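Peer 1: Protein sequences appear in the order of chains C and B.
Under the working numbering, the first residue of the first sequence is numbered 72, with each subsequent residue one higher.
Under the working numbering, the first residue of the second sequence is numbered 72, with each subsequent residue one higher.
No wet-lab data here; the hints were simulated from the structure.
This structure is a prediction, so every number in the text was calculated from the model and none was measured.
Watch out, some of these pointers could steer you wrong.
What the hints assert, rightly or not - Covered stretches of chain C (chain B as the covering partner; in silico rule of three or more C-beta atoms under 8 Å from a C-beta of chain B): (1) 155-169; (2) 332-340.
As the list claims (entries may be wrong) - Within a straight-line C-alpha distance of at most 25 Å, the following computed DMTMM-like cross-link-like pairs (lysine to aspartate or glutamate) qualify: (3) C:336 to B:142; (4) B:335 to C:293; (5) C:372 to B:382; (6) C:336 to C:320; (7) B:372 to C:385; (8) C:335 to B:173; (9) B:335 to C:244; (10) B:372 to C:173; (11) C:372 to B:173; (12) C:372 to B:142; (13) C:336 to B:173; (14) B:335 to C:173.
Glycine residues also receive a C-beta, built at the ideal position from the N, C-alpha and C atoms.
Protein chains: 2
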Amino acid sequence: MDGSRIRGRVRIVGAGLLGASIGLALRSQGVDTIMHDVSPGALALAIDYGAGRAATPSDEPHLIIVAVPPDQTAAVVAQELAAFPRAIVTDVASVKALPLAELRAAGVDTTRYVGSHPLAGRERGGAISARADLFVGRPWVIATGNGESTEMVGLIEDLILDLDAVPVLMTAEEHDESVALVSHVPQVMASLLAKQLSNGTERALTLTGQGLRDTTRIAASDPHLWIQILAANSAPVVGILRALRDDLDGFIATLEHPTAPGAKKAIAESLSAGTAGVARLPGKHGQDRRFSQLVVMVDDKPGELARLLAEIGDAEVNLEDLRLEHSPGTLVGLAEISVLPEFEARLVSELESRGWRIAEAWK
Amino acid sequence: MDGSRIRGRVRIVGAGLLGASIGLALRSQGVDTIMHDVSPGALALAIDYGAGRAATPSDEPHLIIVAVPPDQTAAVVAQELAAFPRAIVTDVASVKALPLAELRAAGVDTTRYVGSHPLAGRERGGAISARADLFVGRPWVIATGNGESTEMVGLIEDLILDLDAVPVLMTAEEHDESVALVSHVPQVMASLLAKQLSNGTERALTLTGQGLRDTTRIAASDPHLWIQILAANSAPVVGILRALRDDLDGFIATLEHPTAPGAKKAIAESLSAGTAGVARLPGKHGQDRRFSQLVVMVDDKPGELARLLAEIGDAEVNLEDLRLEHSPGTLVGLAEISVLPEFEARLVSELESRGWRIAEAWK
């Protein structure tokens with residue numbers, strides 16, 4: 072790509088993970104990017120990190136991106152609209168209906184405001200965790216329904232495409248209901264599940280497997296950010312949590328009498344409903360049915376994995392995904408390799424002819 | 072290693088994932104391994120797969136491993152004890168108190184029986200998914216408290232060590248309470264969470280991220296096996312589910328009035344309790360604080376990852392873990408590399424001097 076779609080200066084308010092990552096990405100494309108933060112320390116760090124330059128009095132930004140915590144979003148958007156009367160202003164908060172309602176309640180003219188939300192993040196925050204590729208391939212919602220002009224939506228789309236993300240147009244309400252389901256409720260349930268571990272013995276926790284790790288991983292996220300997100304999107308989250316609670320009540324009632332007539336059928340229906348739900352998720356990584364997976368045993372010493380990958384390269388097969396499982400205390404790792412199905416048979420035969428042990432291959 | 076610790080014939084009853092995997096591992100060490108299954112088709116597949124040989128009338132097994140579904144375990148153990156009056160019998164069912172109670176209720180002499188449970192498995196079942204390394208590095212509980220002799224425990228320990236697993240001694244009750252917490256309750260919650268996805272729109276699910284994938288992945292497991300496990304361990308599972316339900320009730324009540332006095336503090340306490348719970352898990356993969364992680368950007372073409380790993384090998388740094396993130400539609404992958412902290416600075420400088428882009432490094 073030669074240059075950015077975005078023309079003109081971009082001002083980013085908030086030098087945290089999202090703001091600094093946007094800055095890094097825009098700067099790498101030559102966009103004149105101004106960083107601002109109420110904290111001089113956070114601002115200096117983000118500038119050192121390459122996320123943008125400091126503001127000067129004569130700056131006239133074309134686009135302003137507000138990347139502050141949800142409970143400050145409306146106030147900062149209002150400030151920026153007032154301070155830069157010709158700029159288009161967007162924000163990247165995880166909730167979309169509340170900031171808009173707060174702006175309207177404060178009597179702010181929102182003609183130049185269009186909210187947005189990149190579905191991207193990590194368990195670590197701050198500019199130090201920023202990366203220019205944070206948004207690559209991720210959905211980025213543009214909140215519609217506020218009378219926004221085609222030109223404004225087009226500008227935000229340019230921003231999103233410059234960052235290699237995928238624009239998705241939704242009303243604020245549809246956005247908030249969607250993220251309640253795919254993000255906020257899973258966060259709550261991971262936390263409540265992880266909380267139960269406090270009651271477990273050390274010996275019980277030695278039996279931990281990947282299932283428990285996966286179901287609780289996001290519970291390690293920053294509580295302060297999530298308090299705000301959950302409070303700001305409480306109605307859709309509560310709605311889904313109530314449905315889940317009712318299902319849990321029913322499950323407990325059934326499991327209290329597991330030999331009663333119909334109990335096993337009821338358990339089966341709950342579990343099968345979960346299987347059906349998970350099957351609806353768009354594919355990725357090891358779960359992705361578009362790829363064939365095979366597992367190669369790799370001696371745990373320097374150079375062995377490199378040799379494997381060199382020989383895969385020699386076979387002119389591209390890896391779609393790779394994960395190394397390294398079981399503690401052992402001398403062997405398992406490289407789980409995903410390739411396009413048409414390459415699988417050839418790769419297996421080439422690797423086996425070179426002495427690699429293939430633990431498994433399936434479609 | 073030269074040869075197995077196990078001496079004498081081993082008979083495995085049940086040619087599913089666990090039975091066939093045990094057979095593959097024992098055979099690779101030269102143990103005379105007999106496979107048996109009530110299904111001639113399943114047995115033939117496991118034998119073709121290399122998991123063992125068919126039984127002959129003169130076989131006199133030293134150790135019998137019953138690897139059948141939980142609801143058949145007690146009956147099959149009783150049969151095997153009767154058929155082979157000099158053999159030691161173990162099983163590998165996911166619950167330990169119920170099979171023992173069933174044997175006792177049936178008046179079976181359990182002197183030669185000691186239950187066990189490898190904490191290993193996968194979302195796919197059957198001999199076709201078997202692998203000799205399924206148990207490598209995994210805990211394998213030996214259920215104590217049934218008056219078992221030191222020799223019997225030693226024999227099962229030999230089996231576990233031959234399979235490169237880690238013996239853990241627990242009473243049947245402690246085992247069942249432990250797996251309720253670390254395995255059975257997470258399975259139920261993943262299923263109930265995944266079930267809510269059935270109510271989501273296609274557009275909502277396009278916003279899916281890794282958090283939702285991870286929290287629901289195990290919901291794709293086989294419902295038929297899990298019905299039996301949950302029914303057989305209902306009391307400990309119900310106990311934890313009730314505590315979780317009470318926490319969920321409290322969370323819903325709080326989130327219904329998120330601006331009430333104390334509401335944000337209550338939300339914070341729930342989320343922080345989850346963070347504390349997850350911190351208790353023994354480390355592994357990217358969450359492992361014993362390792363330093365760094366993220367290297369890798370062009371998505373054949374040979375690039377191999378070149379990276381070759382150069383890590385040149386630097387004489389051993390990878391503790393590696394994961395490739397490959398964002399759809401992009402030309403760059405991210406290799407997340409875990410190394411011992413003392414190697415991090417040197418590796419970063421060596422890689423950067425060779426032109427690699429390090430997206431991030433933290434402790």
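Peer 1: So which of those numbered hints doesn't the model satisfy?
Peer 2: Hint check: 1, 10, 11, 12 fail, others pass.
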